[in-house]
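A.B. asks: Read off the chains here:
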Amino acid sequence: MIAILRSARRKVLGETRAIPLGVATTILLAYPTQSLLPNGEWQTAGAFALAAAIIATLTFSLPADIRGPRNQPATQPDPNTTTRTNP
Amino acid sequence: MTLTAAAGASAVELLEALAIVLAVGVTRGFRDALTGALAAAIGVLTLCLVLGPALRAGAGISVLRVIVGGALLLFGLEWLRKGVLRVAGRRRRASSYHEFVEARDAATALPRVAAGRDWAARGLAFQGVFLEGLEVGLIVLALGAAPGHLEPALLGAAVALALVAGAGFALREPLQRLPETQIKLGMGIALTAFGTYFTAEGLRAHWPLSELAPLYLACLFAATAWLAVQRLERTAPAPEAT
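Residue numbers (the numbering used here), protein chains in the order written: chain A, 73 to 159; chain B, 519 to 760.
Chain A extracted, bound-state conformation:
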């Protein structure tokens, strides 16, 4: 039962903390931002600010070397990585 619950949590929240944290932070920050900005500013720019935050969340959920300098050695592969062996 605990194994099922653990797997269900991974299914819903995913394998990294970056995505649930990023999505939650984006939504929670959007509410005060909405009220701080002058009337109409949020309506026109808010959607694109949100899309940018989602792209940032995706970037931070990927291995760190995607944000680092080029040609640095690859990070430790995730446990599901194979060296491309076909089943």
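Take every hint as true, because none was put in to throw you off.
Quick look at which bits of chain A chain B covers, simulated, 3 or more residues with Cβ under 8 Å:
1. 87 to 97
2. 124 to 135
Beta-carbon label-pair distances, calculated as ranges:
3. A/R89 x B/A676: 33 to 41 Å
4. A/T88 x B/E751: 19 to 27 Å
5. B/A680 x A/S107: 42 to 50 Å
6. B/Q748 x A/R82: 26 to 34 Å
7. B/V581 x A/V84: 14 to 22 Å
8. A/T88 x B/V581: 24 to 32 Å
Coverage of chain B stretches by chain A, computed from C-beta distances (three or more under 8 Å per stretch; other residues unrestricted):
9. 648 to 654
10. 705 to 718
11. 721 to 735
Think of the hints as simulated: they come from the structure by calculation, not from any bench.
For each residue, glycine too, the CB sits at the ideal point set by N, CA and C.
Using the hints, position chain B against chain A.
C.D. replies: Chain B only, in chain A's frame:
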């Protein structure tokens, strides 16, 4: 577009559930595999029937859109992340055939029963179908919770179920040939686009071209995924053929 997204996302998850049921059926007997799968399907359906109306009754339209958008973003971004890693060669490719082989090995390792009910096989089939079904249920609930989207979301899931059930008769070889990595990456893009669209609408921000926004958002996320793959491929060890 809701119908396509619901059908696509449901189909890939149902394929994985099918692979598990087939594996348990082949090694332990189809009667117990189908019993476990049926119990899981009833469990997921019950959960959705309880959650769906509670969600619709308990929240205003703006809050509902944010909840729906947030749920779609959780699934979409995770699929997108995995898709990027798979295409860049950083993660094993998605394969229902592989799922089939793993479940078959797990079923073979279970203790045998001489006669009567095989609870271990039922449990294995239940667990696999329940977890994959839960994902389908939550995605369909989220896509269908937006006003006017329930029918296409349910229809999409029904189409996916019919297609996957039909594929169940053909089995194994087609499971090996499906480009699941690309399909899952595409579904991740679609779910993330819908999630971003609904969340912004719920937060009272407006998209230019309103209803067409999911389309250009999908292009934006596809471009981001492509750039991420290029970047990861440059920093990764030389990939071997897949």
